[in-house]
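A.B. asks: Sequence:
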Amino acid sequence: MSDISMQRRTVHNAGGPALRSGLRRRLLAGTAILALLAAGSGYTLHAYSADGGPFGAPSQARVPASPAAMPGFAELVRAVKPAVVSVRVRTEAADSGFGAGENPFEGTPFEKFFKRFPAPNSRQPKHFMQGQGSGFFISPDGYIVTNNHVVDNAVKVEVTTDSGASFDAKVVGKDPKTDLALIKVDGRSDFPFVKLSDTKPKIGEWVVAMGNPFGLGGTVTAGIVSAEGRDIGSGPYDTYIQIDAPVNRGNSGGPTFNLKGEVIGVNTAIYSPSGGSVGIAFDIPASTIANIIPQLQKSGHVVRGWLGVQIQPMTQEIAESLGLERAVGALVAQPQPGSPAAEAGLKAGDVITSVDSTEVKDARDLARRIAVLGPHKSATLGIIRDGKERTVNVTLGRLPEQNVRRASGDDRGERKGTLGLTLAPAADVEGAGENGLAVIGVDPDSKAAELGLQPGDVIQKAGSKELAEPADLRKAVAEAKAAGRKHVLVMVSRDNKGRYIALPVG
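Those letters in the sequence shown? Residues 6 to 511, per my numbering, in order.
Just so you know, the hints here were simulated from the structure itself, not pulled from any lab data.
It cannot be assumed that every hint is accurate.
As the list claims (entries may be wrong) - Listed next, the in silico SDA-like pairs over lysine to any residue satisfying Cα-Cα at most 25 Å (straight line):
(1) LYS480 - SER362
(2) LYS182 - SER304
(3) LYS205 - SER362
(4) LYS352 - PRO241
(5) LYS366 - VAL308
(6) LYS366 - LYS200
(7) LYS491 - GLY457
(8) LYS366 - THR165
(9) LYS486 - GLU439
(10) LYS393 - GLY379
(11) LYS502 - GLY354
(12) LYS486 - LYS366
(13) LYS182 - PRO87
(14) LYS382 - ASN296
(15) LYS470 - ALA347
(16) LYS189 - PRO87
(17) LYS205 - ASP191
(18) LYS205 - GLY222
(19) LYS352 - SER304
(20) LYS303 - PRO241
(21) LYS200 - THR165
(22) LYS207 - LYS189
Claimed, not checked - Simulated restraints, written as ranges between beta carbons of each label pair:
(23) ARG499 - GLU394: 28 to 38 Å
(24) ASP448 - ARG95: 47 to 57 Å
(25) THR396 - SER279: 20 to 30 Å
(26) PRO197 - ASN398: 44 to 54 Å
(27) ALA295 - ARG193: 19 to 29 Å
(28) GLY222 - ARG331: 45 to 55 Å
(29) GLY209 - VAL283: 30 to 40 Å
(30) LYS207 - SER168: 52 to 62 Å
(31) GLN459 - LYS352: 44 to 54 Å
(32) LYS491 - LYS352: 42 to 52 Å
(33) ALA295 - LEU264: 37 to 47 Å
(34) LYS480 - THR385: 35 to 45 Å
Glycine is no exception: its CB is placed at the ideal position from the N, C-alpha and C atoms.
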């Protein structure tokens, strides 16, 4: 048993002589006391024996003694705060859902009253709502970065500077997929502005967030970078920076600065059970802003590359069933007909591992890389098919809105038990098609139910083999087990969309 005592400069553990003697009496021979000593802002860990002497040579776990004291932010704030603005937005409220002259009581006993006293038509006055957010100047001629959700559906935008001056602004462009928007104030070319950081912030680095929380006006909070590359499920291109500086409603669109006064991200979302800050906020990285904003300035929208595959994340179970050592890359669940992927010969079950010799970490990474390349660009994809590495050359298309599709991956933990499936040849089940095995029933307490299989699903393949009879699936499971694998990869079709599931063979 070890006791831990902490000293920070001249501040010592409380407890008094009785407590300290009690602790010492409980020490066994050879037991260590670890003292964590503060030296400036750095900490050094020393090990002592029970009699107070150090253990052998001073092998120490040491945190760098510098940097020193906690930084002050006054100079930083004074320099960048004039470039941060409050954004007030007027949006048209949604109507009741009934068109002009439409009878909402048609087919009911009240229909005749509506005919005598009809509802107001389209000439009724419109209703508006007010919203507030934040933004920041990125150029002296009045371009301002904010969030798409701040100015979406806006009929009037007004910005207020730190000095109290107000200006009308127009929306130049919006990108819902990254939640970025660009607005502009005309008539001046001397606005104070800030620049984007061209380096990625380090976890643990001090940052300062600014904005207009709760409509209070310019507010400054400080914290550190908590994590990077966060996926919060808001879109296919999520790669947020997580910070713990307090961010609240109204901070949306405001900047987060490093200690050089450079913007490392745009405040866009918080995690909170109460609606207020609990120290978990998410920023759109400066690298994303630098890629999106020039396109918004030029054309008002973003043009992205399109590969045309339905993809799903790799899990360790899926990787193992494919004979891969690591769960990296993006699994092709289904190429879309007529897409660049289909024309290049990509097939369901391929694992895309690289784009132009750069490793693809996961499905999100693939989506971002393809999007950034843009339409009509050639790319070389590294893939694994049937356990062998190959390369495929593809010419990307332009991402159409309706083609943004992504399969949901399965990341549930394994649980022992039977699959619990009742199967029949799809050709024998009306509406199930001609190929594969139709799922007739699923035991609600089975592994199949846990993995999300439902009656009406059709299991098309096991590995690369087509299935026609339930015995085909049993054989595929037996072969995977004989090969020492814990899972067999099956293709499941639902509503004409396919995805892969790793079924346990135990």
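A.B. asks: Tell me the numbers of any earlier hints that the structure contravenes, in ascending order.
C.D. replies: 1, 6, 8, 9, 10, 12, 13, 17, 18, 19, 22, 25, 29, 30, 31, 32 and 33
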